[in-house]
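Enquirer: Chain by chain, the residues:
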Amino acid sequence: DAKTTQPTSMDCAEGRAANLPCNHSTISGNEYVYWYRQIHSQGPQYIIHGLKNNETNEMASLIITEDRKSSTLILPHATLRDTAVYYCIVRPLRSNDYKLSFGAGTTVTVRA
Amino acid sequence: DGGITQSPKYLFRKEGQNVTLSCEQNLNHDAMYWYRQDPGQGLRLIYYSQIVNDFQKGDIAEGYSVSREKKESFPLTVTSAQKNPTAFYLCASSTNSDNEQFFGPGTRLTVL
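If you read the protein sequences in the order shown, they are chains A and B.
Just so you know, my numbering puts 30 at position 7 of the first sequence, and the rest follows in order with no gaps.
Just so you know, my numbering puts 449 at position 20 of the second sequence, and the rest follows in order with no gaps.
Calculated directly from the structure, the hints in this document are not laboratory data.
One thing to keep in mind: the hints can contain errors.
To be verified - If you anchor each label on the Cβ, the simulated ranges turn out as follows:
1. Lys438/B - Asn80/A: 47 to 55 Å
2. Thr539/B - Asn77/A: 21 to 29 Å
3. Ser502/B - Pro115/A: 39 to 47 Å
To be verified - Away from chain A, derived, C-beta distances all over 12 Å, residues of chain B:
4. Gln435
5. Asn457
6. Gln470
7. Lys499
8. Thr508
9. Asn513
10. Ser523
None of the values given here were measured: they were computed from a predicted structure.
Each residue gets a CB set at the ideal place from its N, CA and C atoms; glycine is no exception.
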């Protein structure tokens, strides 16, 4: 049972911002939104996570709607090296269920 | 450098042979995980271990076995009972107080 829905793919121009949407309409009050990405043939890489406030780090920004039913990952200045599959995951921050449930994600292609 | 190593990157085996994939981490993480990824799919959890000498089955444990004799090592054995073993195998680790998982580079297993 998928907890998140993401577009299958999207293209982005190099140097422009990439906005990746994620719907999580059944999110629970104690669940965080996590984003990972996976560059081809490599292991996934953690990007960012948040509960209800917007978050920013050196890689990206995470904007979560007030009702927490959706979020957007923003890559402020996309580069060719940002081409990857991006996964949006919801789960409690601390839980006895340690599984990360990865869906199919969004395949992002950054074009020169 | 702290991190997770998996070896080898590519592995070929004949059908019917058991094969062991190695995973080592020097991050002092308590928890370790094994995931399987098939082409175009997300990750599926095989086994995980929250502490030395203890491990639990994930969603697709049949045909696999693990051991956790040392904190830094979590080898995965793909047995001949696994009907479709050709896949990309990913190992990850985390602290038990934070669900951010750090992934290794993966091992691509091909059974001929």
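Enquirer: All the hints need checking, so say for each whether the structure fits it.
Expert: Quick rundown of the hints versus the structure:
{"no.": "1", "hint": "Lys438/B - Asn80/A: 47 to 55 Å", "in the structure": "violated, 29 Å"}
{"no.": "2", "hint": "Thr539/B - Asn77/A: 21 to 29 Å", "in the structure": "violated, 44 Å"}
{"no.": "3", "hint": "Ser502/B - Pro115/A: 39 to 47 Å", "in the structure": "violated, 28 Å"}
{"no.": "4", "hint": "Gln435", "in the structure": "violated, 8 Å"}
{"no.": "5", "hint": "Asn457", "in the structure": "holds, 17 Å"}
{"no.": "6", "hint": "Gln470", "in the structure": "violated, 7 Å"}
{"no.": "7", "hint": "Lys499", "in the structure": "holds, 19 Å"}
{"no.": "8", "hint": "Thr508", "in the structure": "holds, 22 Å"}
{"no.": "9", "hint": "Asn513", "in the structure": "holds, 19 Å"}
{"no.": "10", "hint": "Ser523", "in the structure": "violated, 7 Å"}
Hints 1, 2, 3, 4, 6, 10 from the list above are not met by this structure, while the remaining hints are.
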